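All letters in the sequence shown, in the order written, are residues -19 to -1, 1 to 362 by mature numbering (1 follows the signal peptide of the UniProt record, and there is no 0).
Mixed in with the good hints, there may be bad ones.
Unchecked claim - Restraint-style ranges between C-beta atoms, simulated for each label pair:
| # | residue 1 | residue 2 | range |
| --- | --- | --- | --- |
| 1 | G251 | L156 | 14 to 22 Å |
| 2 | F89 | L190 | 29 to 37 Å |
| 3 | E134 | S268 | 17 to 25 Å |
| 4 | R128 | T68 | 53 to 61 Å |
Claimed, not checked - Subject to a maximum C-alpha distance of 20 Å in a straight line, what follows is the list of computed PhoX-like cross-link-like pairs (lysine-lysine):
| # | residue 1 | residue 2 |
| --- | --- | --- |
| 5 | K101 | K149 |
| 6 | K180 | K143 |
| 7 | K143 | K218 |
| 8 | K168 | K182 |
Calculated from the structure, these hints are not laboratory results.
Given the structure is predicted, the values throughout are model-derived calculations rather than measurements.
The beta-carbon is built from N, C-alpha and C at its ideal position, and this holds for glycine as well.
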Amino acid sequence: MHKVLIILLVVCNYGILNAQKPTTENDTTKIEKKNFIKSVIEYFEKSNEVNNDKRFDFSIIGGPHYSSDTKFGIGMVASGLYRMDRTDLSISPSNVSLYGDITTTGAFVVGISGNTLFPKLNYRIDADMYFSYRPTRFWGVGYEAGRQDHYSEYDNLVMELKFDFLKKMATNTYLGFTTNVKNVRGKGFDDISLLGSEKAKTTAVGAGLILSYDSRDFIPNPYKGIYAKAEQIFYPKFIGSSYNYYTTELVFRHYRQVWEGGILAFDLQGVLNWGNVAWNMMADTGSSRQMRGYYRGRYRDKNLIQSQIELRQHVYRRSGAVIWAGAGNVFPKFSEFEWSHTLPTFGIGYRWEFKKRVNVRLDYGIGKSESAFYFNINEAF
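Turn these sequences into a full structure, and let the hints steer you where they fit.
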């Protein structure tokens, strides 16, 4: 069964994976097809083997997916593991993930993210950058706007780069700075009146501080540990932002083994914006990591609090499954927070160990009157 799944996932990667001896002109098509399938299976059967002799352990996989908003698409993800100090195996390896996706609606995204851990964990660099184009929808700002059936379709182009540099201050404790540059452009609105006096194109250039505690044993797929972060970013107009505002992000995550092969993961996040926040820079629900099952951006406002708990269970060989439940709430300010506006999310997912402790994940999330599929790499949180 798992061999059939592997073939379906990687059939689009022939040029990369068919690294074998060249055939002669007399080889038959039947033999070529047999060799291709065999090479694919052998490649992925060995892809999760630990090889500390490699300076950079890199693998790639791709496959089809479907979601209610982007329809059918083809995604490709790649994962690389490396060590700044190859003699110290007590520290988890650094990681980098590259991803790309294109769908039948014309939407596409390309990006790269990763965590570089320096010797003795004295420093670390976290980076995430991507460019995307997506035909999407805008309901307006606030919970009540998202509840309505009326929305405007438009094309959304996003370019974002986030870079964190952290220095170890004590055991598992880091202090550092962060920079974030984001450019969002909306065009082709069906109903531009939903924007009111807002600009369709917005730029945010910001810098700030991060204080974090991180005892996770492996960042892409923790089995145990705690991750907590307090981040403050300022986006002033004098360095290029369209508006003056600032963002506070608070995160708490906890991981523990509950039985053999079972990991219970908890996530709590708050995103709080202050000042003059553009409509396309507000906190919103719906992504492949949090509030899975919701159309991205349907519910948006200045502030967002969201939480989820997920059970991750190893099933057989390289296969696993997850179930999760969570909730989120968008609101303009704390004095206007309404418990009745809380949105639920729950779902199930399949995991396949692509590399050692690096999973390809297929998730089906269910929200309030909507749902979505996701194809991605690494755990959601």
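Against the structure, the hints come out as follows:
no. : hint                    : result
1   : G251 - L156: 14 to 22 Å : 20 Å, holds
2   : F89 - L190: 29 to 37 Å  : 34 Å, holds
3   : E134 - S268: 17 to 25 Å : 20 Å, holds
4   : R128 - T68: 53 to 61 Å  : 57 Å, holds
5   : K101 - K149             : 9 Å, holds
6   : K180 - K143             : 23 Å, violated
7   : K143 - K218             : 18 Å, holds
8   : K168 - K182             : 8 Å, holds
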